[in-house]
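Student: Protein chains in written order, with this note's numbering: chain A, 14 to 179; chain B, 108 to 262.
Rather than coming from a laboratory, the hints here were simulated on the basis of the structure.
None of these values were measured; they are calculated from a predicted model.
It cannot be assumed that every hint is accurate.
Okay, the calculated bits of chain B under chain A, using three or more residues with CB under 8 angstroms as the criterion [unchecked claim]:
1. 143-152
2. 179-185
3. 189-202
4. 248-262
Simulated restraints, written as ranges between beta carbons of each label pair [claimed, not checked]:
5. A:Gly149 / B:Thr226: 27 to 33 angstroms
6. A:Gly167 / B:Val110: 53 to 59 angstroms
7. A:Ser157 / B:Gln163: 42 to 48 angstroms
8. B:His157 / A:Arg97: 21 to 27 angstroms
9. A:Leu55 / B:Asp234: 46 to 52 angstroms
10. A:Asp106 / B:Glu213: 39 to 45 angstroms
11. B:Ala152 / A:Arg97: 49 to 55 angstroms
12. A:Ser157 / B:Pro232: 35 to 41 angstroms
13. A:Ala48 / B:Asp206: 40 to 46 angstroms
14. B:Ala241 / A:Ser157: 25 to 31 angstroms
15. B:Tyr131 / A:Leu22: 33 to 39 angstroms
Here a beta-carbon is modelled for each residue, glycine too, at the ideal position from N, C-alpha and C.
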Amino acid sequence: MASVSVSHLVLFIASLVIAAGVVGTVTTGVDRVSAAVEDGSLEATEQLRTDVTVISDPAAGVYDPGAGTDGNVTLLVKNVGSQRLAPTGAGLDVVFDGQYVPPSAMTGTVVSVDGAAVWGPGDVLRLTIDLDRIEGVDALATPSDHRVRIVVNGDEETFPFRVEVP
Amino acid sequence: MGVSVSASAAVVAAGLFIALTTGYPAAANGFDRVAEGTADSHERALDRHHTAITVQTATFNASGNGALTLTVVNDGADALVVDDLTLLADNAFVDVAADPAWTSVEGLEATGLVLPGETLTMSVPDDAVTADLAGATRVTVATGTGVRAVAEVSG
């Protein structure tokens with residue numbers, strides 16, 4: 014009779030240990046999924062709220078051949094979304110004529126607000142691309158067609174322009 | 108035996124309840140965030156569809172005042188906020204909002220709204236801004252939604 018009670022006790026403890034193990038595994042899994050859902054939703058919201066557009070006039074001379082050896086390309090980019098972005102243009106991925114523009118080759122300044130701490134909705138960023146610092150790009154010939162592609166938080170903008178004969 | 112099953116079932120039920128109370132808020136908040144972002148995106152797209160502008164005239168020093176003068180017509184269905192507009196002379200930013208006296212709507216300086224069909228007049232003195240207005244050949248006006256209109260400067 015005592016052996017039955019002992020075996021019942023062993024089974025009771027074993028069932029509790031197994032149940033606790035199952036619960037631990039499930040709660041850990043749910044915690045991980047919750048954190049991933051949180052991160053995913055934040056990222057998705059940033060992408061949905063981000064919208065920028067290049068407002069420069071392609072025919073108004075965005076290329077300055079006199080700056081440095083190869084010249085500069087200056088674009089004015091307006092934040093038409095509701096997401097606040099970095100005021101220096103950090104976070105922008107820029108491709109010029111198929112060549113990646115490293116962050117060291119571009120400078121960004123918010124021109125619509127003095128000393129802006131953020132590139133907020135409605136603000137205009139002046140983005141200057143220094144062609145001297147892009148590998149595989151020389152001074153732009155006249156006339157010639159070019160394309161600048163800007164990607165920020167998944168929002169893509171393409172700006173084609175032509176360098177006219179002066 | 109029955110006690111073992113009941114006890115372990117109770118432990119599992121409690122664990123699932125705890126997991127649910129952790130998981131549900133994360134899922135609900137995430138869904139709300141994405142739904143708000145989607146609605147915001149659709150709202151902006153609708154605003155953009157309702158926005159249209161035309162630069163009717165762009166002149167420099169036409170009346171001998173040394174100013175770049177533009178007339179912009181709101182051809183869209185939405186009202187435009189003057190402070191949201193961006194003016195570029197060639198490829199240089201011009202801060203039109205720096206002085207409220209530089210803009211007027213249908214002759215009225217005390218308003219910041221351009222209603223559908225109304226004409227906004229901008230008159231920016233060359234010596235008051237850093238951009239070279241005297242040498243500008245083209246101007247661009249962009250609305251807050253990113254809709255643009257360009258014109259050549261005459262005079």
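Student: Each of the hints needs a verdict: does it hold here or not?
Tutor: Comparing the hints with the structure gives:
no. : hint                                    : result
1   : 143-152                                 : holds (count 6)
2   : 179-185                                 : violated (count 0)
3   : 189-202                                 : holds (count 7)
4   : 248-262                                 : holds (count 6)
5   : A:Gly149 / B:Thr226: 27 to 33 angstroms : 48 angstroms, violated
6   : A:Gly167 / B:Val110: 53 to 59 angstroms : 56 angstroms, holds
7   : A:Ser157 / B:Gln163: 42 to 48 angstroms : 33 angstroms, violated
8   : B:His157 / A:Arg97: 21 to 27 angstroms  : 25 angstroms, holds
9   : A:Leu55 / B:Asp234: 46 to 52 angstroms  : 48 angstroms, holds
10  : A:Asp106 / B:Glu213: 39 to 45 angstroms : 44 angstroms, holds
11  : B:Ala152 / A:Arg97: 49 to 55 angstroms  : 20 angstroms, violated
12  : A:Ser157 / B:Pro232: 35 to 41 angstroms : 37 angstroms, holds
13  : A:Ala48 / B:Asp206: 40 to 46 angstroms  : 51 angstroms, violated
14  : B:Ala241 / A:Ser157: 25 to 31 angstroms : 29 angstroms, holds
15  : B:Tyr131 / A:Leu22: 33 to 39 angstroms  : 37 angstroms, holds
The structure fails hints 2, 5, 7, 11, 13 (numbered hints given earlier, in ascending order).
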